[in-house]
Amino acid sequence: MTTFTTTLTLATAVAFTAGLASAQEAPDWLGGDLVKPLSETRIGITVLYPGSNSYQAMYAETAEAYAAELGIQATVMDPQGDPAVQFDQIQDMASQNLDALVVWPTSQNALIPAIRNASRAGIPVITSNSPIGEAGRRYIESHTGPDDCALASQAADMLGDALDGEGNIVVVEGTPGYAVSILRGNCFLDRLADNYPDINVLGSQTAEWNREKAQTVTETFLTQFGDEIDGVYAFDDGMALGVVSALQGAGFEPGDVKVVSCNQFGEGWDAMREGWISGSGKQSPIDDAILAIQTAIQVANGIEVPELREIERAKITPENVEEFERPTW
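For the sequence shown, my numbering assigns the number 67 to the initial residue and increments by one for each residue that follows.
Some clues are possibly wrong.
DSSO-like cross-link-like pairs, simulated, lysine-lysine; straight-line CA separation at most 27 angstroms [as the list claims (entries may be wrong)]:
no. : residue 1 : residue 2
1   : Lys381    : Lys348
2   : Lys381    : Lys279
3   : Lys348    : Lys279
It is worth saying that the hints were derived from the structure and are not from the lab.
Generate coordinates for the entire structure from the input sequences, incorporating the hints supplied.
Structure, rendered in structure tokens:
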């Protein structure tokens, strides 16, 4: 089991402090009174796999930096994508009688017994970014993060429009069985079937959220289907960048194959400006981590919160990309 210890830049940390109350006072966003000072509040955070891509790394960095700025006692754990490791992390943190847990689940269902045990021990649990399976939702206080179904539907619209409603595409998936992968796959395909019936999916294969694997998967698709491929849907921008590398290696020019993804990265912003990516979605890991921690502090202080709290999303295309600041992840 690994603890993630990277910190944010001074400029980002300073930005977090603006408008925050001291560790002994209730922040404006709390919506109620503190049961105990923030300096005595203890929260455990376990993040999917910060080493897999820049989004998850920035989420973990933000969680540490924001917790430090608030003055709370927080440990950010890295299960390295392994549900068994994360299960043990949840059990261990629950045994320490913490005030709240934030869990970015590695699995829809494998963690439910550990989350149930924490909940029954009186420790409120927040899931973040990826939802837990339906059977486990009675044991959590709130889920925070992006609306992945909306992001996937948005991606289908952007790819469908880029292809003028017809053509052949391939899909580069995230990890099978992971909730975000399921949502970003099913909701995308449903939207295509409803609104773009003349777009045909030639093939779909996992790259497990990994840029290098996405390049290899795309190279295989190019060998198999060649010039039949008009478009590619990648489940996130990290994998989209692997797709772009494969297209560049095969001698394609920007825009020859329309590439669309979700949650834009900094290099994806660059690639869009260069014409390689036709659409992506705004999804900030900084917003993601901050909302999860704020929600955990609220429930730790007995403040009622919504069952679902979403971070901001937006459609980004070459036509409006300059209106969005280049992501730092």
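Hint check:
1. Lys381 with Lys348: holds (6 angstroms)
2. Lys381 with Lys279: holds (26 angstroms)
3. Lys348 with Lys279: holds (23 angstroms)
No hint from the list above goes unmet by this structure.
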